[in-house]
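Quick note, the sequences are listed as chains W and R, same order.
Sequential numbering from 0 applies to the first sequence in numbering that gives the first Met the number 0.
Sequential numbering from 0 applies to the second sequence in numbering that gives the first Met the number 0.
Check each hint, because a few of them may be wrong.
To be verified - 27 Å max Cα-Cα, derived DSS-like pairs, lysine-lysine:
#, chain 1, residue 1, chain 2, residue 2
1, R, Lys72, W, Lys359
2, W, Lys197, R, Lys62
3, W, Lys168, W, Lys359
4, W, Lys168, R, Lys72
5, W, Lys359, W, Lys197
6, W, Lys59, W, Lys81
7, W, Lys168, W, Lys30
8, R, Lys72, R, Lys131
It should be emphasised that the hints constitute simulated quantities derived from the structure, not laboratory data.
Since we're looking at a predicted model, the values are computed, not measured.
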Amino acid sequence: MSHGPTVQREAYISGIGMSEVGVRLTRSPLKLTVDAIKEAVADAGLTLDQIDGVSTYPGKMQIFLGFSPVGVDEVIEVMGLKTRWHTGAAESTAQLGAIADAAAAVRSGMARHVICFRTVYEAAAMARPQEYPPMQRREGVSGNSQWVSPFGAFSAACWTAQFAMRHMKRYGMTREQLAQVAINDHRNAALNPRAIVKKPLTMDEYMGARLITTPFCLYDCDRFTDCSTVVIVSAGDALDEVTATPIRIAASAGSVERYSWDQAEWASAYPTGRDLWKNTDYTARDVDTVQFYDGFAFQPITWLEGLGFCEVGEGHKFIEGGTRIALDGELPMNTGGGQLGWGRLHGFGFAFESVVQLRKQGGARQIPGEPKVAVATSGGGPMAAALLLARD
Amino acid sequence: MAWQRSRIRLDNDNRAFWTGGAEGRLNITRCADCGQFTHPPREICRHCQSENVAPHAVSGTGKIDTYTVNHQKWAPDMEVPFVIARVRLDDAPGVFLTTNIVNCPVEEVDIDQPVRVTFEEQAGLWYPLFEKVPA
């Protein structure tokens, strides 16, 4: 009997699901999560007894329940699952790292069908602080927060804005160029029935909006949202159990520059973008659509540069005027509305929308032609993860 | 700014940083073996893993690496706008400090300007702020 190397399996996204998307929902986060799981499992054509893995980012956070109100344990319990592999880890490579981890698990044979979920409840939590206490930023501050909060930099907006200001000063980025991210997101969201934003945004509305932290105005910052997003990751040798069109996870990458945001000289989109291409034969030229993390409007610019769609310092020129990233452009971006238009789904929305487009299920927002390859990214500060997704 | 800054929970790693201002010292953890700096401060050098690290008073001068003018009142007692900046210290290579640029109008702040530390004390904590160095 031989004990040599075995053939590595492939990993696929076999199903997608999403709960109601809203602001200040009253339906509980666990119920939202179950809604999304049921939709994803049915979409894949699977039943719950075929699920043997669960993965999430970042896992339940008791000190910040609005940010992550549901843990792997609750999902396993409430769905009656018998799992052989599970993980939920804040200390991983950003949101989509949870999907990359699941892909590694099914490739190695540790699981066959893995529920990957991300549930956010930040809008409801803000409305009901007695049930969902906010993170403490004024007293007893420790960890990395101590290096930024004392100076009024409470929000990632203030941290990310400094990277954006450097692009303006060093590379000449203008607010009109930056505006194309929000304008493109709003235009696409208006075509997406599940998105929070219902109508397009004009340049005048953008330029007239109140400033949050320069160069970011209100429209450059995503809005707290209540939602659960799920993708099912399945092993290549289990696809005969799946009825949906499977989308292959062709490559993934993730990295961290420094854990304290202010010590990272560059956003982690740069090393993560470079590394993604080391793990595949595909190149940037093969990509039909990109779904770039846009918690703040500047982040897609770093992903365009980091993944090599343009040179460093040229991302704002790439999106100038908005035609190249539009649905009928050469590189349709954030076709579902991104986080600025769809809502702050926190990373998983980009994997979801990639699958929608590659399956040609986008309806009014479907990109033309026969899309085969998409990039989904998450994170945009010192931590980041990226997935390369392909329809075979 | 009169607003209450975040109160830090002091520990053995961060105490010298947050209290050094009482003696006018901007303390950054430095390794006596390799001479490099570790920030955020830890009990082990992040460059050579030596345990021979200690707070070291740097000159307190630097350059504005980048910045943002914050207009949002993240807390009710904040007075806006104010400048949040990342300062690159002159004599601690690789170390950045998030801080505020004070004592000048927000529109007069720019990247690469030379700055020096000035401390603001609240409840026994000494917050290192920076001001522009007169030309």
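Next on the checklist: What's the verdict on Lys359(W) and Lys197(W), does the C-alpha distance respect the 27 Å limit or exceed it?
Outcome noted: Holds, at about 22 Å.
Checklist entry - Taking 27 Å as the top limit, are the C-alpha atoms of Lys59(W) and Lys81(W) close enough? => result 20 Å, holds
Next on the checklist: Next pair to validate is Lys72(R) with Lys131(R); report whether the Cα-Cα distance is within 27 Å.
Outcome noted: OK: Lys72(R) and Lys131(R) at ~24 Å, within 27 Å.
Checklist entry - Do the alpha carbons of Lys168(W) and Lys72(R) lie within 27 Å of each other, as the hint requires? => result This hinted pair holds, its Cα atoms lying about 25 Å apart.
Item to check | Distance restraint between Lys72(R) and Lys359(W), which requires alpha-carbon spacing of 27 Å or less | outcome: 43 Å, violated
Checklist entry - Is the hinted pair Lys168(W) and Lys30(W) satisfied, with a Cα-Cα distance of at most 27 Å? => result Distance ~47 Å between Lys168(W) and Lys30(W) Cα, so the pair is violated.
Checklist entry - Is the hinted pair Lys168(W) and Lys359(W) satisfied, with a Cα-Cα distance of at most 27 Å? => result 41 Å, violated
Next on the checklist: Hint check: Lys197(W) vs Lys62(R), CA-CA at most 27 Å. Holds or violated?
Outcome noted: Violated - the C-alpha atoms of Lys62(R) and Lys197(W) are around 44 Å apart, more than 27 Å.
Comparing the model with each earlier hint shows violations of hints 1, 2, 3 and 7; every other hint is respected.
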